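Q: Here is what each chain is made of, one letter per residue.
Number of protein chains: 4
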Amino acid sequence: MSTKGDRLWGGGYEEATHPLVQRMNASVSYDQRMAREDIVGSVAHATMLRDQGLIEPSDHVAILGGLAAILKEIEAGTFEWVEAREDVHMNIEAALRDRIGAPAGRLHTARSRNDQVALDERLWLRRRLLGLAARLVELIGALSEQAWDKRDWPMCGYTHLQRAQPVTLGHHLLAHVEGFERDLDRVLAVLDRMDVCPLGAGALAGTTLPVDRNKTAALLGFSRVARNSLDAVSDRDHLLDTLSAAATGMTHISRVGEELVLFASAEFGYVKLPDAFTTGSSLMPQKKNPDMAELIRGKSGRVTGNLVSLLVTLKGLPLAYNKDMQEDKEPLFDAVDTWEDCVVLLRDMLPAARWQKKTLADALDRGFLLATDLADVLVGHGVPFRESHERIAVLVNALVKEGTTFRRAGATRIAAELGVPREAVADALSVRKALRKRDVVGAPHPARVGREARAASRRAVKMAAEVVRRQAPCEAEVLLAAAG
Amino acid sequence: MSTKGDRLWGGGYEEATHPLVQRMNASVSYDQRMAREDIVGSVAHATMLRDQGLIEPSDHVAILGGLAAILKEIEAGTFEWVEAREDVHMNIEAALRDRIGAPAGRLHTARSRNDQVALDERLWLRRRLLGLAARLVELIGALSEQAWDKRDWPMCGYTHLQRAQPVTLGHHLLAHVEGFERDLDRVLAVLDRMDVCPLGAGALAGTTLPVDRNKTAALLGFSRVARNSLDAVSDRDHLLDTLSAAATGMTHISRVGEELVLFASAEFGYVKLPDAFTTGSSLMPQKKNPDMAELIRGKSGRVTGNLVSLLVTLKGLPLAYNKDMQEDKEPLFDAVDTWEDCVVLLRDMLPAARWQKKTLADALDRGFLLATDLADVLVGHGVPFRESHERIAVLVNALVKEGTTFRRAGATRIAAELGVPREAVADALSVRKALRKRDVVGAPHPARVGREARAASRRAVKMAAEVVRRQAPCEAEVLLAAAG
Amino acid sequence: MSTKGDRLWGGGYEEATHPLVQRMNASVSYDQRMAREDIVGSVAHATMLRDQGLIEPSDHVAILGGLAAILKEIEAGTFEWVEAREDVHMNIEAALRDRIGAPAGRLHTARSRNDQVALDERLWLRRRLLGLAARLVELIGALSEQAWDKRDWPMCGYTHLQRAQPVTLGHHLLAHVEGFERDLDRVLAVLDRMDVCPLGAGALAGTTLPVDRNKTAALLGFSRVARNSLDAVSDRDHLLDTLSAAATGMTHISRVGEELVLFASAEFGYVKLPDAFTTGSSLMPQKKNPDMAELIRGKSGRVTGNLVSLLVTLKGLPLAYNKDMQEDKEPLFDAVDTWEDCVVLLRDMLPAARWQKKTLADALDRGFLLATDLADVLVGHGVPFRESHERIAVLVNALVKEGTTFRRAGATRIAAELGVPREAVADALSVRKALRKRDVVGAPHPARVGREARAASRRAVKMAAEVVRRQAPCEAEVLLAAAG
Amino acid sequence: MSTKGDRLWGGGYEEATHPLVQRMNASVSYDQRMAREDIVGSVAHATMLRDQGLIEPSDHVAILGGLAAILKEIEAGTFEWVEAREDVHMNIEAALRDRIGAPAGRLHTARSRNDQVALDERLWLRRRLLGLAARLVELIGALSEQAWDKRDWPMCGYTHLQRAQPVTLGHHLLAHVEGFERDLDRVLAVLDRMDVCPLGAGALAGTTLPVDRNKTAALLGFSRVARNSLDAVSDRDHLLDTLSAAATGMTHISRVGEELVLFASAEFGYVKLPDAFTTGSSLMPQKKNPDMAELIRGKSGRVTGNLVSLLVTLKGLPLAYNKDMQEDKEPLFDAVDTWEDCVVLLRDMLPAARWQKKTLADALDRGFLLATDLADVLVGHGVPFRESHERIAVLVNALVKEGTTFRRAGATRIAAELGVPREAVADALSVRKALRKRDVVGAPHPARVGREARAASRRAVKMAAEVVRRQAPCEAEVLLAAAG
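Chains as they are written, first to last, in the working numbering: chain S, 1 to 484; chain H, 1 to 484; chain C, 1 to 484; chain D, 1 to 484.
These are computed hints drawn from the structure, not numbers from a lab.
Fair warning: there could be bad hints in the mix.
Which copy? The list can't say, so a pair holds if one copy fits it or any two copies do.
For lysine-lysine, the following DSS-like pairs were computed, each having C-alpha atoms within a straight-line distance of at most 27 Å [claimed, not checked]: (1) K272 / K401; (2) K215 / K433; (3) K357 / K433; (4) K433 / K358; (5) K357 / K401.
Predicted model only: the values in this text are computed from it and were never measured.
Build out the structure end to end from the sequences listed, making use of the hints.
A: The structure is reproduced here in structure tokens:
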């Protein structure tokens, strides 16, 4: 049960807090993950207060020194978090008071927990999204390399999980690269849209003291300052943006996961996952299960759940801050952690996958994947497409009944039945030629696949540099390091 | 990085596991919450194995003794959980091997982690749902008491958050009792539907050993045995049932939360929440915020998110067990914890709320809540309802323009304008009489409200007994206690 | 733009309604689906009013006659629905007024649209859920028949989509029967829980007129009367129950859909779907796509979306009726329609599926599905399970490296390596014997599968009768038919 | 039941389609909304085919003429949609064949329904998102005007729905402008990210014919061409982006809706909604319900549901096209329609709202909103903030017990108790001065609010021009118009 001393707001209170209330009210068990951001924010705030003459230079020095020391304790794992102090902000403030006394009390000048938490979330998110961007770039790079390597490995392309037309493994891998590049773009867009400093909004109505919000924002590396104090403390759009991007990104990953599960099955046999990425069964000695592929497929559930969680929580809340918004952190943290883990896993697992070139090629020889190419032969001889399509469909149906395939029926017979030259049919039924005929932008001609793979690699290198540039520490972090 | 010795399935493996794989693969950080259930299940399984002659009586004694000792360590917090051992099952099995040697290896006879985890989840859920049922009963009891106490406190009834017709506070509280009773019914229905023992399903295809599944089920207090082994290990309906019930239950709670936030506002002023259930502001000294009411409103988000999480994860999974299903526990645990916390909070907070009788009554005197009663007077004098409605609407509109109310306009004038006896109008405009006229089943006549409150109390007492009856320990728990 | 005459509540209004407001406010485009229920409810209400002396017998006769005539128009598709009349209730009331004049105005005595819509939803839901139950019973029956027919067709059982242990196709099909039986149970539970008549709750506070709520409830076939008027008009639990059950049921269906897509692929080749249930490609002449299997997998999305939709809408609403609740119908209607369509589709498609007995059996002979059985042989010779597991895992690994299988390696060699009698190994490697050894409750021994299939069929017959019993028309429906 | 002639893929089929299959398979009932886009896409495709010499100029003329005529029929409502022709694409193609004969068959050259539907969705979405952007700009403009008008109307600012600090109504309205501007930004970002032409991807693997994808893209106003054919037909990110933005946007709208419901209540009384935007009760003659505010709050549910629907549907789908994806359109259409309706409604309703200046101001005089300002006075006199906070909290508590307020207690007494000059206290307790003291960026000083309102208006004007610029018809639309 908390005592007045722990509750920084206890002045008007006469009753102790109900124990369950204290536990439910406290967020420190999870928001302590934003400790570094909380401290960096305080460094910037204190520095601005000093520059504006709102606190003494000596207070500033004491505050920065105290904060640096506290951060060291936190990073060393020796800091004692107190639930009765509710959250990361109050824990650090109280520790600062214990350590430096009166000046600590001045740090809260012209600041409220409402704008403080809004700031911390943005700083935390900035750091994590940049990390995620870096991991996505690595995944894209790794996939592009593999796509280059497998640019000319023939493979069945599927629609409806039915064999449809020939592609190459490299082409297939590059399809996923496209999705991951869009994910990266989304992450960077979230970063740009959230590049707004809420500090100075106070609890909801700004402050009566002559703060310099642009100064604080600059110290923290923000481009802009929030234009409206009520919005600054109640806006959680950047969290929704992140969760939306994460849900979409995890949907991509679930699709890759599903494919790996399928391709690693005995029935497909397209890929062997290395021991390092499978696990066995405690009962069935023969099993090597694609657990990781399954897990990343399944984890799309938790991230979609996280998104829904925050959408429901925010629904119908009037301005400005409401306590409901304390529920914003856990889904955010979980979604970002999960997404990053899955990206890292794919980054390491996909290059280690052992694709089975022969099995991939053999599958192409069975079935009727080149039926469209045969229809194109008819079109080339002046038959309207719809009629060509129908004639080939009838032919396929007849062959299926005979239990044979194009390959086994042979070009001569097929040419005779269709009334076109044998050579044209033979050409149409060559996988190698079929791939080379698909020679338009985005199609699986191996040379095109190779060029696209190289282009994707180059884009990844460029994006990596951009992410590094953005990861440079802001001025407040430099000040903090200097104070340590 | 795990070594063979830790991985119980490592026989066919030559590579070490990737560190991230080990972490993502491991569930022990959260599934250790099912340790008691895992041990109780093993006690039942071992006892059945002994009775069937599949293990020696001496092995049985050793296993039960070992398990009892391990449970003590776990409950004392001294048990060492090892991530490389993946999950609660393997941790306990390995600890048992360390402790009793060879007989530990025989415990896994005719059992797989697939049926084991299916069992543990059911046992855990049974315990927690019964606890939740008990808390719901207490909440219903507390609310019914308060409803009895406030059965005749007049209050505005609202639709569209507009004052509509008079009710009593007791009547309003009983509306929520109805929802909580349905929640309780849902919880009990989940318990009944999941009262099926999966043990003996093995990994997916039963077992070749002559186990007695009915025996194990009886030891564990189940009424039935799963009829199909594939279903037994892949069915997670009881989790979906629980999460669905939780999402609905939390929706109820969110509605109570919203009302408390509204009613505690300065504008309504209907209730004062005691200090023990509010918190202050670190910036604004005057604030006493209804944080708990807001939190329970907001937490409907996380529980809806948990439900979505599992629905997405299970979507499209083929039979039987898939690793994706490891993701089933965290949303389940979180939802049950959250729901129970919120029920307990309401149970304690609602009786402590200080309802403001005078403010509630004053609000009734403003506005036109008795317009429907006036319309009923016309109906009583033979005017068709639709015409009555229109005439009263015109009257109200005129009074609003004058800036007056029924009360201030007075019965004489209104009676004259409507062409009905003054006495009938005066009767219609008396809140006390208006309430007493609402004398049909479910209506707010204070005597009816009182009877309904008493009936709800009686039902709660009866349900409490039923829950206690169901909470009696099963035979396996008794054996475990005896072995301790 | 609506005029006063159309708006039954227009008495106090001086401005016309904004056109978009009229459109958004109107629900008649979709709630007209409850027209029959609205009319049946009115028949019951009018009959009770007459019995209580609240309306004249002649009015009752006129009302019933008018309603019966209107219903005929509606069913004939000649009824003119008017958007400006907002909803199904006002459309029918206005049509009744046009048809029978003054008595129509008396029908709304002691009733509000709030309790009326609450009633209509329950009646509509009762009818539709009973229909759904009937379809589920038919699906269960059809699946059970097929399971009986295929009770001894050997098939790979899967975990992690890896071949795991032998089962039979009948056993596999029965796993899905279990899920559908739980779905049926859930539907019946929803029906029981919602068997409560809200009529008489008025807008929110009951009525001042001496209605007999039990009489109305009895006429409509309800067992109970809502105990609290506020709850009666704001409770939407039965909708959430239905949507929860639908989301779970559709998750089951999505799993069957996924399996059909997999099994119909060239790689598995386990099943051929008949032409009537596949569609072709407009481009690729050879394709026969399992569109229906895909669609029923994908439609789990819309139903989970429907559930979320209503949970979000209801979150945080204060008592009693709020306009937000108008949004409750479309997700409900869509979910029930979708679920029923998918059940019907499966009911017809599954019996028409052509399972490929030889392909199913061949898959069993490749791979190492009987590894667990081999481990059991060692256990039978006194080796602790964990050690047996490890030795078999090492053996499998060695054989995989050699590129051979148990079958090709042969029992003699394996027996030698394991140090057990050849005969025991040969037995363990016989699929036929392996299935017959799995002779415990719920395991795939063909005789057991047959018994379970027969038992499921019997349960389906019994449930069919129960559903028919519940579908008997209520007294109000009989009165309506008589008036027509 | 469809006949071969209707099914463009029927060549290999011998059985008729099951009636339910035909209905479930058909999407024409809703995808006909993309008819214009389908036709525009065909115009561009045909034009490119002609330029590449793949069809004759005369065919091109016939095709364009036929398509223009068909579009006219569609827009006139006289076009006959045939369910058996499945979707919008096949309906239009068949109609074209009926109208112009053989050349119609050549239009499908080098195109598949897979890339065609991907294109149509992008074109439809582009048109609708630009329309939505225009509406958002209008809403922002309208709100900014109102904010300018009310820039100095004092109003309570809230946190936790408790009166917290003074703001102005203009300031409050501008908070919502911020959210709507972010929504607009998100819409434009979706438009940019989806500005990629999928045509030429064929069914999944490009085409063997020498198409010019860049030409087609340019005719349709796209900046880029999809780089990978598999991704082009299976990517639905732009739908997820739209739905995510819509869910966030509707969350904003739900918050405005909640505030309007609150502010229109008798208890708050801050706003009167005009008759055109409220509706009455069919039972209670006095009611004017804020139905529209409730509806837009509730409709956040359906849009969040739509988002979840598509996330679930896409989860775990392997490449490339799967039939599940047919389920992508209804949630998209519904979400865009709903969002736009709600934006339009707010655009018209908010300017018509009659804000109650006096009621807003009166609320400020009750309570203790200026407690923070009082604490700031102490800070100004050298008291550390935490101590100031505590002393004011104690003071407030004492006054509450007395049943008085700051205003009634008076500056003299308060100054004495706090030991600070009377004038400082009087200044702190003046709302007018309090607002003027909040003179930092984003704070509610009326002059700042005015400047922000003007700046927002200017941004809206600029964005309006940008949207108009983007709405210019593409070349294919010009060609189509010329052919009509």
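Q: Now tell me if each hint is right for this structure.
A: Okay, the hints, checked on the actual structure:
With identical chains, the CA atoms of K272 and K401 are at most 27 Å apart between copies only, with a shortest distance of 13 Å across copies and 34 Å within one. Taking the shortest alpha-carbon separations for K215 and K433, only the inter-copy value of 26 Å comes in at or below 27 Å, while the best intra-copy value is 64 Å. For a Cα distance limit of 27 Å, the shortest separation of K357 from K433 inside one copy, 18 Å, qualifies, whereas the shortest one across copies, 37 Å, does not. Only within a single protomer do K433 and K358 lie at most 27 Å apart by alpha-carbon distance; the minimum there is 18 Å, versus 35 Å between protomers.
Proximity of K357 and K401 under a CA criterion of 27 Å is satisfied inter-copy only: 18 Å between copies versus 30 Å inside one chain copy.
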